[in-house]
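S.K.: Listed below are the residues making up each chain.
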Amino acid sequence: MLEEKLIVAGFGGQGVMLMGQILSYAATHEDRNTVWIPSYGPETRGGTANCQVTISDERINSPVVSEPDSLVVMNHPSLAKFENKLKSGGSLFINSSLVEQDGIRDDVDLYPVDANKIALDIGNLKVANMVMLGAYIAVTDLFDKEAIFKVFDELFTGRKEALVALNRKALEAGMDAVSA
Amino acid sequence: MSKVLMKGNEAMALAAIKGGADAFFGYPITPQNELPEYLSHHMPANDRVFVQAESEVAAINMVYGAGGAGARVLTSSSSPGIALKQEGISYLAGSEIPCVIINVMRGGPGLGGIQPSQSDYNQITRGGGNGDYKVLSFAPENLQEAVDLIKESFPLADHYRNPVMVAVDGLLGQMMEPITLEETEKTQAAGKKEWAADGGYGERGYRNRIASLYLDPYKLEEHNLKLKGKYDEMREKEQRYEMIETEDADIVFVAYGTMARVARNAVQMLREEGVKVGMIRPISLFPFPKKAFEALPERTHSLITLEMSLGQMHQDVQIINNGRYKLDFFGRTGGVVPEPEEIVEHVRAALKEDA
Amino acid sequence: MNTKTVYRPQAGLTEREYHYCPGCTHGIIHNLVGEVLKERGLIESSVGVASVGCSVMAYEYFDCDMHQAAHGRAPAVATGIKRVRPESTVFTYQGDGDLASIGLAEAVHAAHRGENITIIFVNNAIYGMTGGQMAPTTLLGQQTTTSPHGREKAQAGEPLRVCELLSNVPGATYLERVSVHDPKHVRKAKKALQKAFDIQSGKQGFTLIEFISTCPINWGMEPKDSLDWAVENMIPYYPLGVYKDMTKEDDDA
Numbered sequence: 000m001l002e003e004k005l006i007v008a009g010f011g012g013q014g015v016m017l018m019g020q021i022l023s024y025a026a027t028h029e030d031r032n033t034v035w036i037p038s039y040g041p042e043t044r045g046g047t048a049n050c051q052v053t054i055s056d057e058r059i060n061s062p063v064v065s066e067p068d069s070l071v072v073m074n075h076p077s078l079a080k081f082e083n084k085l086k087s088g089g090s091l092f093i094n095s096s097l098v099e100q101d102g103i104r105d106d107v108d109l110y111p112v113d114a115n116k117i118a119l120d121i122g123n124l125k126v127a128n129m130v131m132l133g134a135y136i137a138v139t140d141l142f143d144k145e146a147i148f149k150v151f152d153e154l155f156t157g158r159k160e161a162l163v164a165l166n167r168k169a170l171e172a173g174m175d176a177v178s179a
Numbered sequence: 000m001s002k003v004l005m006k007g008n009e010a011m012a013l014a015a016i017k018g019g020a021d022a023f024f025g026y027p028i029t030p031q032n033e034l035p036e037y038l039s040h041h042m043p044a045n046d047r048v049f050v051q052a053e054s055e056v057a058a059i060n061m062v063y064g065a066g067g068a069g070a071r072v073l074t075s076s077s078s079p080g081i082a083l084k085q086e087g088i089s090y091l092a093g094s095e096i097p098c099v100i101i102n103v104m105r106g107g108p109g110l111g112g113i114q115p116s117q118s119d120y121n122q123i124t125r126g127g128g129n130g131d132y133k134v135l136s137f138a139p140e141n142l143q144e145a146v147d148l149i150k151e152s153f154p155l156a157d158h159y160r161n162p163v164m165v166a167v168d169g170l171l172g173q174m175m176e177p178i179t180l181e182e183t184e185k186t187q188a189a190g191k192k193e194w195a196a197d198g199g200y201g202e203r204g205y206r207n208r209i210a211s212l213y214l215d216p217y218k219l220e221e222h223n224l225k226l227k228g229k230y231d232e233m234r235e236k237e238q239r240y241e242m243i244e245t246e247d248a249d250i251v252f253v254a255y256g257t258m259a260r261v262a263r264n265a266v267q268m269l270r271e272e273g274v275k276v277g278m279i280r281p282i283s284l285f286p287f288p289k290k291a292f293e294a295l296p297e298r299t300h301s302l303i304t305l306e307m308s309l310g311q312m313h314q315d316v317q318i319i320n321n322g323r324y325k326l327d328f329f330g331r332t333g334g335v336v337p338e339p340e341e342i343v344e345h346v347r348a349a350l351k352e353d354a
Numbered sequence: 000m001n002t003k004t005v006y007r008p009q010a011g012l013t014e015r016e017y018h019y020c021p022g023c024t025h026g027i028i029h030n031l032v033g034e035v036l037k038e039r040g041l042i043e044s045s046v047g048v049a050s051v052g053c054s055v056m057a058y059e060y061f062d063c064d065m066h067q068a069a070h071g072r073a074p075a076v077a078t079g080i081k082r083v084r085p086e087s088t089v090f091t092y093q094g095d096g097d098l099a100s101i102g103l104a105e106a107v108h109a110a111h112r113g114e115n116i117t118i119i120f121v122n123n124a125i126y127g128m129t130g131g132q133m134a135p136t137t138l139l140g141q142q143t144t145t146s147p148h149g150r151e152k153a154q155a156g157e158p159l160r161v162c163e164l165l166s167n168v169p170g171a172t173y174l175e176r177v178s179v180h181d182p183k184h185v186r187k188a189k190k191a192l193q194k195a196f197d198i199q200s201g202k203q204g205f206t207l208i209e210f211i212s213t214c215p216i217n218w219g220m221e222p223k224d225s226l227d228w229a230v231e232n233m234i235p236y237y238p239l240g241v242y243k244d245m246t247k248e249d250d251d252a
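Chains as they are written, first to last, in numbering that gives the first Met the number 0: chain A, 0 to 179; chain B, 0 to 354; chain C, 0 to 252.
Excised from the complex, chain A in its bound form (with noise of 0.2 Å):
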C-alpha cells in the first residue's frame, strides 16, 4: 500500500504550488486518491507558500499534512518554518543554490539540488521547481518521467506548448542530479 505525504515551500513564484499540483495531475491519472491543499494568505506574491500533497492507494481522510514523509523546501525560510515536521527518516530534498545545509537534522535523508543552478544551464530560472520535481520522482520513485511528461502536455497548452520542452529538460536534469 502507498502513502506519501509531501509538503513543498518556497517563494510565492518559485512554483512550488505547481509542483505539489503536478504530482496530484499524475496520482490523478493512475486512479489514485490524491488531495491537494494550499496555503493561502492575502498576498498572493512575495510571501512565502507552500502546499501539502497527500497521494494514497486508501481513502485519504484528514487533508491536512501535519507529520509529511517528504518535505521540499526552496529556500531558506521555508526550511526553518518545516523542518521539524518532517517525519524521522523522512526524505528532505532543498534548493542547495538559495538553502543553508549547515545544522540540517541527521535522522533523515537529505538531497540537496542546486536547481536554481542547473535551471540556469538550461536556460530558465523558472523551471527550478521542476528540477527539483525530477530529483523528488528519482528519489521516491512514485512517478515515472513520462507520467510527469503526460501532465506537462495537458496543463502546457496553446501559447504555453512551447515550455514543454524546457520542462522535460528540467524534469530529467533533476532526476540526473540524485542519480549520480
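One or more hints might be untrue.
Here are the simulated DMTMM-like cross-link-like pairs (lysine to aspartate or glutamate), alpha carbons at most 20 Å apart as the crow flies [said to hold, decoys possible]: (1) B:Lys191 <-> C:Glu86; (2) C:Lys190 <-> C:Asp244; (3) A:Lys84 <-> B:Glu344; (4) A:Lys86 <-> B:Glu341; (5) B:Lys6 <-> A:Asp30; (6) B:Lys6 <-> A:Glu29; (7) B:Lys2 <-> A:Asp108; (8) B:Lys2 <-> A:Asp152; (9) A:Lys80 <-> B:Glu338; (10) C:Lys37 <-> B:Glu202; (11) B:Lys218 <-> C:Glu59; (12) A:Lys84 <-> B:Glu341; (13) A:Lys86 <-> B:Glu338; (14) B:Lys2 <-> A:Asp56; (15) B:Lys2 <-> A:Glu153; (16) B:Lys2 <-> A:Glu57; (17) C:Lys202 <-> B:Glu338; (18) B:Lys2 <-> A:Glu29; (19) B:Lys192 <-> C:Glu86; (20) A:Lys84 <-> B:Glu340; (21) A:Lys86 <-> B:Asp46; (22) B:Lys6 <-> A:Glu153; (23) A:Lys84 <-> B:Glu338; (24) A:Lys80 <-> A:Asp68.
In short, the hints are calculated from the structure, not lab data.
Position chains B and C against the provided structure of chain A, taking the given hints into account.
M.R.: The following block gives chains B and C in isolation, referenced to the frame of chain A:
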C-alpha cells in the same frame, strides 16, 4: 468515467453548470473567488447568464428576480457575504423562490479571517434573516460529495420552491481532489414553472405575482403554516448522514465537513488503542439528522461533538440528546484546522478523567 | 335603454381599488404607466417590480406579472429578471426613500451596467408609508416627523437630485424629470414614458423617469394646495426636463 483533478471552487462551479444553472449572480470574497472566476468564463460560453453584482445584497436580489422569473439560479459567497445575503434569503423563502447558494465558510465574527471555518452553522440552520423559515442545507466532506450535492440541489430547490445551501469550509474550496462529473441531458432541464412571474401573462392567461407580503395576520399565519409543511417534508425526507463504525461504539463523534475527515483519522487511531469510537457525520445540517441518533447501539454512552467553531452544531446535539448520553465538545476556531492527534488527546484526557 | 359608462378599468391596470390616500399622484402615475404599456402592446409580456414604501402594493395594480422587492432592491431584482428574460419589458416602480436612500447603490449600478430596464421614480420629498419622515429628497426647511424644525443643511445635508446624479453615470441611456400637476404636464409625462419604454424595446439600455409627486397627508395640505406647493417649491429645486439622452447622440453619430 475517468476522474479529473479540480480545485474545489472550480469543481463546484462546474457542478452548477452541469446541474442546470441558468444564471449566476455574485460578488467577490475570499476564499470562494475561483468559483465566480470560473463561471465568468464558462457561463457565457454555455449561453448562460453571469453578472458580477455591486454587492452581496444586490447579488441575492438578482437571484430573487431571476429565480422568480423561473430560471435556475446560483449565487456563492463566504460567511460575511452570506450574512449580507440573509435578508434576501428570507425574501426568497417567504416568496417561495428556488435557488442554490454555495457558502465557502471562513472564520468570524465580523471580518474575521479567510481561513477555513464552520462557524456559520447557526446562520445556516437558524435562518439568519427574519421570520419562520428554513433553508435546506448540506455540508459535504469531500469534493465528489460536494459536486453531487450541488447538482442535486437544483431539482431539490425546484421541488420545495425554497433556497438550498451547500456549505463547505474554505479548505474544501481551496483544495484539489479527483472527481467525476457525469454528463446529463442539458442537465436536468427545469421545465416550465407555472408560478413564475416571467412576462408570460399573455401565453398563460393569468397574472403571476412574486411577493412575501401578507398584511392580514391570519393570511400570513396560513402562509407560514404552508411553509412549515414544506420544512416538515424536508425533515421527513432529507435527513442525510453517514454512520461510521458506530455498531460497537462506546463513544460517538458528531462531526461534518472537513472536521469529519479529521475525525475519521482519530477514530482509526483510537480504535488501534482499543477505544471503541464511532462517528455520526451529518450531511444535511437542516434538517438535522435526528434519525442517526436513533440508530445508535445500546452500548453507546458518550457523544463528542467536533466542530471548527466553538460549538454551534453542539446545540442541536444537546437538543437531540435529551439527557440520554454524556456530552462533550471539542472545537478549534478562527480558521484553525485541527490535527487528528488533538482529538485523540482530547478523548484520552476525557477517559482518564472518567476512570 | 341608454347606458352610460360611469366606470371602466384603466388600461394596463387591474380592477383592484387603490389604497393610496386621496389626492396622492401615485394614481395618475400608475394610470400613465399602465396606459403606455397597454398602448405599446407590451403589458402582457411585462414584468414589474414593486418596491417598499407607499408603492409596496403596486404588484396588485399593474395588470402584468409582478415581483415585490425588498426595500431599495428593485433595480437588482429587475436586473435578475431582465437578464434571464430579455424579451420581457421590465420596470421598477420606486419612491424616493426606496431609490434615493436605501437603494441608491442598486439604482446607480443598474444604470452603470446599462441594464435594459425602466425605472419609474416617484419623488414626493418624504417617506409616506412610514408616516412622513425626512427623505434624502426632503427640501431644506421642509418639516417632517424627523426634521420637526425643518430640514437643516448642517444636520442633514442638502436634498439629493437623482437625475442630475445619474446623468454622470456613463451607462445611463435616458433620464427625464416630469410632473403631473396639470393636464399639460401629464401629457408630457406620458411622452417621457413612451420614450423610455421604446428605448427598452429597442434594447438601447437604462432609462429612468422621475415624477415630481405629492403627499397631501404627510405634507399636511389639501390636495390642490399640495400640487401648488410642488410647483412652487419642488420644481425650482428639481427642474423638469431631459437630463440625459444617449439616443440623440446615437442619431447624431
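S.K.: What hint numbers does the structure not satisfy?
M.R.: 7, 17 and 21
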